[in-house]
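*Asks:* Spelled out, the chains give:
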Amino acid sequence: MKKIAKISLILLFTIGLGLSCTKNFEEMNTSPNSPTDVPAINVFTNVCVNSVGQWLGGWIQHTYLGCWSQQWTKIQYIDEDKYQLRAAQMDDFFGTPYSGALKNLKIVLDKTANYAETTDDFRDDGLYAAALVLTAWNYSQLTDCFGDVPYFNAVQGFEADGDLTPAYDPQELIYKSLIDTVLVRANDILAGTNENFGAGDVIYGGDPGLWRKFANSLRLRLLNRASDAWTQADAKIQEMLADPAKWPLISSNDETAKLAYPGAAPYKNPIYNTLFTRTDQGISQTSVDFMKKRNDPRLPVFAQPRSLDGDFVGQQNGAARQPPIPKRSLLGVAIAYAPDAPLFLLQYCEVEFFIAEHKARTGGNGQANYEAGIRASLDYWGVGADADAYIAGADVAYNSSKAIQLITEQKWMAIFGQGVEAYAEIRRTHTPSRIFEYELEATEYPGRGLPLRLAYSPAEESYNGKNLNEAKTRQGIESIDNGMFGARVWWDVKPNPIPTVKDPQIDY
Amino acid sequence: MYVDLTARNDWSSTLPIENNSYFYPSVSTGLILTEALGMKSDILSFAKLRAGWAMVGSDTDPYQLKGTFGSAQPFFGNPSLSYTGTIPPLGLKPERTKSMEFGTDLKLLKNRVGIDFTWYKDNTTDQIMQIAVSSTTGFGAKMINAGEIQNSGIELLLTGRPVQTKKFNWDITLNYGRNRSQVISLAEDLTFLNLYAGSWGMQVQARPGMPYGIMYGRGIVRETKEIEVDANGNELIHYTGRPLVNPSNGMYIRTSQDIILGNVTPDFTGGIRNSFTYGDWDFSFLIDFRSGGDMYSITKWFGCYSGVLAETAAINVNGKNVRDPVEEGGGVLADGVYGKLDASGNIVFLDKDGNESATPIVNTEAFAGGQDFFEGFWGKTELGIYDASFVKLREFNLGYTFKPDWLRKVGISSMNLSLIGRNLWIIWKNMPHIDPENSFSAGNVQGVESNMIPTSRSIGFNLRLTL
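Protein sequence lines, in the order shown, are assigned to chains Z and S.
By the numbering used here, the letter at position 196 of the first sequence is numbered 196, and the numbering carries on one by one without gaps.
By the numbering used here, the letter at position 119 of the second sequence is numbered 627, and the numbering carries on one by one without gaps.
Any given hint could turn out to be false.
Said to hold, decoys possible - Lysine-lysine pairs mimicking DSS-like chemistry, simulated, CA-CA at most 30 Å apart:
1) 82(Z) - 601(S)
2) 615(S) - 650(S)
3) 601(S) - 650(S)
4) 848(S) - 472(Z)
5) 111(Z) - 574(S)
6) 733(S) - 472(Z)
7) 327(Z) - 502(Z)
Said to hold, decoys possible - To give an idea of the chain Z side of the interface with chain S (calculated C-beta under 10 Å), a few residues:
8) 29
9) 47
10) 49
11) 50
12) 156
13) 199
14) 266
15) 305
16) 309
17) 310
18) 312
19) 313
20) 464
21) 474
22) 476
No wet-lab data here; the hints were simulated from the structure.
Virtual Cβ for every residue (Gly too), placed ideally from N, Cα, C.
Could you build all of it, start to finish, from the sequences and the hints given here?
*Replies:* Listed below in structure tokens is the structure:
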């Protein structure tokens with residue numbers, strides 16, 4: 001009896017000890033090092049840095065679309081320049097905007113959604129609207145590259161019963177939502193506030209007025225791009241231009257949407273970091289020839305003289321062999337070799353070119369805006385003094401019979417370094433024409449021309465396969481050649497001319 | 509007969525309060541047959557049967573239940589924070605493993621021969637792991653209780669003393685193990701788990717209904733196409749036989765989709781140790797072996813792509829260097845048969861001029877330029893995958909035992925001085941250039957080697973004092 005009593009007592013004691021030990025479990029399991037809740041502006045800073053760094057300073061720029069748009073070129077590891085893809089990169093280009101910027105932006109939006117009821121001196125409506133604009137910017141880049149992508153049901157991982165396999169939405173609906181809902185809303189909110197929302201906004205320093213201009217300029221960019229597919233687009237542009245008080249646009253180089261870099265570790269321009277110990281990129285021959293033909297004063301800014309003899313010589317995109325580096329011009333110092341060089345989301349000159357193209361397209365005269373765009377670009381790069389001579393040049397002077405070609409090719413040159421945007425516009429406008437006249441010497445896809453889109457993320461086949469396949473079927477995406485040809489995106493109405501002549505072989 | 513029972517309950521702070529307590533018992537028994545049956549035989553000196561059943565519960569790492577923000581360096585002095593990339597779990601439960609084991613321990617011929625055999629089966633359910641989700645959710649991974657995974661196999665230990673005399677003894681020990689992992693089921697709508705997905709195009713997968721550790725990626729087309737189907741009805745392609753070679757350029761043909769490239773799981777592993785004692789001398793050596801299991805050597809694959817390995821400057825059948833122009837007799841003559849894939853993805857055999865052929869014809873004339881052939885490794889992950897079997901001289905031991913009187917005065921009864929070597933010699937391997945045991949990590953990620961530094965050989969002395 002005594003023995004049983006002893007054992008029972010010991011058992012009870014042990015169990016009792018066990019039970020009482022669980023009192024502080026929740027506190028114990030809360031990390032003392034990582035916060036579970038932070039101010040929205042700090043998350044916004046992260047989005048600005050990482051999102052801009054990825055779209056304009058990452059692989060999609062320096063290895064893929066910067067080269068496919070024949071502004072830049074690869075001079076070592078030249079496979080991607082021939083339209084050859086690495087599947088893992090598609091996962092990165094498609095997935096990172098969602099799991100990085102768009103997720104964090106959703107957190108910012110959720111936290112600042114009640115801005116009307118905020119009792120702090122510090123109103124959050126500016127931040128809320130800025131987050132809307134960056135959300136729109138990210139989605140527009142995604143859909144321009146990939147076509148139909150998840151939009152309405154995306155980023156629901158936070159919710160308890162959130163949709164973990166969102167459907168892919170048609171590009172038409174995404175564009176219309178961004179243009180008519182998101183960016184309009186941002187403009188309305190920003191119209192009602194002029195309180196700075198914090199230096200954590202590392203793009204515009206918290207100035208709601210500048211974000212309003214960026215929002216409308218982005219809307220203008222998207223409307224211009226949709227103009228062939230959407231009959232109402234030009235009317236909407238006209239509405240914007242007719243009421244500049246309601247729809248202020250970026251109107252000077254100072255208002256350009258860009259991210260400046262501190263220039264010291266750990267935040268140096270990402271292109272600078274890439275080229276710091278490697279020489280993988282150079283300038284495309286297409287760009288050099290374009291500038292040389294027109295005596296473009298930006299040539300010494302966009303390119304460096306080659307070490308062989310000081311001449312400017314670009315490398316043909318999609319060549320069969322890597323060139324000897326001394327025979328090729330590298331990218332300009334201000335573009336790629338300055339640790340504090342900025343990256344551009346939307347430049348002032350683009351706004352002028354959008355307006356010029358709209359006017360030329362709707363029976364008006366785009367000359368004034370065309371020339372203003374050129375001057376803006378030359379001014380920014382410090383060669384504005386040569387603008388008059390440049391504009392008067394034979395291949396630059398405004399000519400209404402080929403207005404759209406002139407406007408779009410000058411815009412292409414001016415957005416040197418914005419590969420994602422350039423690649424979208426090239427597909428839409430078919431300028432510069434050289435890309436459609438000559439097939440890359442060693443293209444991975446002979447006879448197919450320029451890819452119409454990037455390949456979808458292979459990881460999505462595993463994790464969201466049903467919706468991906470529905471999207472592919474709906475868009476008519478081919479099962480061969482990574483689905484990059486054969487199915488244009490919604491705004492790309494005119495079929496691409498397929499070149500019949502190969503690029504001449506290079507004599508190294 | 510012996511019986512052991514244990515019972516244990518854990519409460520863990522790392523699991524949600526509703527599910528943080530888990531109870532697990534175990535029972536093991538042993539029956540010494542020779543004693544039970546009163547056997548006294550010179551042939552069967554000792555026999556024991558063992559059986560055991562155990563349940564083990566497990567929790568997870570701390571701080572997994574709530575999502576947190578990570579911080580980057582301040583940008584222009586502004587703090588920069590980003591939310592976790594893993595969806596914090598809801599309703600996480602503890603892991604449970606049920607293991608079952610049967611074994612026998614036999615000693616024969618007056619303990620001169622020993623056989624120790626074990627068969628085991630472990631079933632792990634609700635394994636706590638991160639699974640990948642579509643990044644369009646805003647996250648890359650979610651923490652869940654995964655499903656059911658089974659590990660079963662055998663372990664065998666044979667010991668023997670072939671020679672036993674007063675001065676000279678010779679012992680042999682052989683150990684052998686075979687393990688099979690299998691995914692019985694996966695949680696939720698998962699159709700497979702990616703154990704590894706790296707940037708050089710290879711995934712290592714666990715799929716229900718298929719062997720664990722399938723290597724999956726792009727390869728080259730070969731003569732015969734086989735289809736394997738997993739438990740969910742997904743078809744996976746596997747090419748076998750000789751590679752197809754394009755007669756017009758001498759190059760291998762890349763598959764148009766991911767295919768099965770191999771499997772990381774070895775067939776069996778083991779080792780043999782031979783020990784000899786002669787008077788005060790002792791000498792032993794251990795040979796380790798492994799059969800089966802593939803490995804992806806990025807050293808080999810990238811080394812060929814970038815032209816830094818010797819095979820990219822080898823001499824071909826014409827006596828010319830593979831880097832010499834094909835017109836002059838240089839180039840690589842790839843092993844294989846002429847062929848191509850037609851528009852529907854079917855294999856079509858060709859002859860040397862590119863005309864269709866009913867039967868495969870071995871490549872004897874189509875040379876590929878050296879740089880083109882090796883640069884063509886890009887996107888053909890299979891070309892870096894090799895069987896990682898090996899036979900190695902793992903250890904070597906030569907020693908002498910001293911028992912001088914003066915040591916005993918200090919309280920030390922004996923002293924042994926040995927010359928020891930480890931990882932001395934790879935006697936045989938299939939993998940070019942690298943040690944097949946040199947893989948990325950020891951965890952779930954097996955079968956990938958990426959520019960690892962070579963394993964090291966060590967030789968030294970060992971002094972052992974016995975009090």
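*Asks:* Could you run down the list of hints and mark each one as holding or not?
*Replies:* Consistency of the hints with the structure:
1. For the suggested pair residue 82(Z) and residue 601(S), the alpha carbons sit about 50 Å apart, so the restraint of at most 30 Å is broken.
2. Restraint check for residue 615(S) and residue 650(S): not satisfied, since their Cα atoms lie roughly 51 Å apart, outside the 30 Å limit.
3. About 14 Å separates the Cα atoms of residue 601(S) and residue 650(S), which keeps this hinted pair within 30 Å; it holds.
4. Distance check on the hinted pair: residue 848(S) and residue 472(Z) sit about 27 Å apart at the alpha-carbon level, within 30 Å; holds.
5. For the given pair, residue 111(Z) sits about 18 Å from residue 574(S) by alpha-carbon distance, which is consistent with the 30 Å threshold.
6. For a cut-off of 30 Å, the pair hint linking residue 733(S) to residue 472(Z) stands: about 26 Å separates their Cα positions.
7. Between residue 327(Z) and residue 502(Z) the alpha-carbon distance is near 22 Å, which keeps this suggested pair within the 30 Å criterion.
8. Taking 10 Å as the C-beta cut-off, the interface hint given for residue 29(Z) holds, the closest approach to chain S being about 5 Å.
9. For the restraint placing residue 47(Z) at the interface with chain S, the shortest Cβ-Cβ distance is roughly 8 Å, inside the 10 Å limit, so the hint holds.
10. This hint holds: residue 49(Z) has a C-beta 5 Å from the nearest C-beta of chain S, less than the 10 Å allowed.
11. Annotation: interface hint on residue 50(Z) holds; nearest CB of chain S at approximately 7 Å, less than 10 Å.
12. Hint status for residue 156(Z): holds, given a least beta-carbon distance of 6 Å to chain S, under 10 Å.
13. Checking residue 199(Z) against chain S by beta carbon gives a least distance of about 6 Å; that is within 10 Å, so the hint holds.
14. Using the Cβ-Cβ criterion of 10 Å, the hint placing residue 266(Z) at the interface with chain S is satisfied: the shortest such distance is roughly 5 Å.
15. Interface hint status for residue 305(Z): violated, as the beta-carbon distance to the closest one in chain S is roughly 29 Å, over 10 Å.
16. With a cut of 10 Å, the hint placing residue 309(Z) at the interface with chain S is violated, because the nearest CB-to-CB distance is about 27 Å.
17. At a threshold of 10 Å, the smallest CB-CB gap from residue 310(Z) to chain S is about 30 Å, leaving the interface hint violated.
18. Residue-level restraint check for residue 312(Z) is violated (minimum Cβ-Cβ distance to chain S is 28 Å; threshold 10 Å).
19. The criterion of a C-beta within 10 Å of any C-beta in chain S is not met by residue 313(Z), whose closest approach is roughly 23 Å, and the hint is violated.
20. The closest approach between the C-beta of residue 464(Z) and any C-beta of chain S is roughly 4 Å, which is under the 10 Å cut-off, so the hint is satisfied.
21. Hint status for residue 474(Z): violated, given a least beta-carbon distance of 17 Å to chain S, over 10 Å.
22. At about 17 Å, the closest approach between the beta carbon of residue 476(Z) and any beta carbon in chain S exceeds 10 Å, and the interface hint on this residue is violated.
In the structure shown, a violation is registered for the earlier hints numbered 1, 2, 15, 16, 17, 18, 19, 21 and 22, in ascending order.
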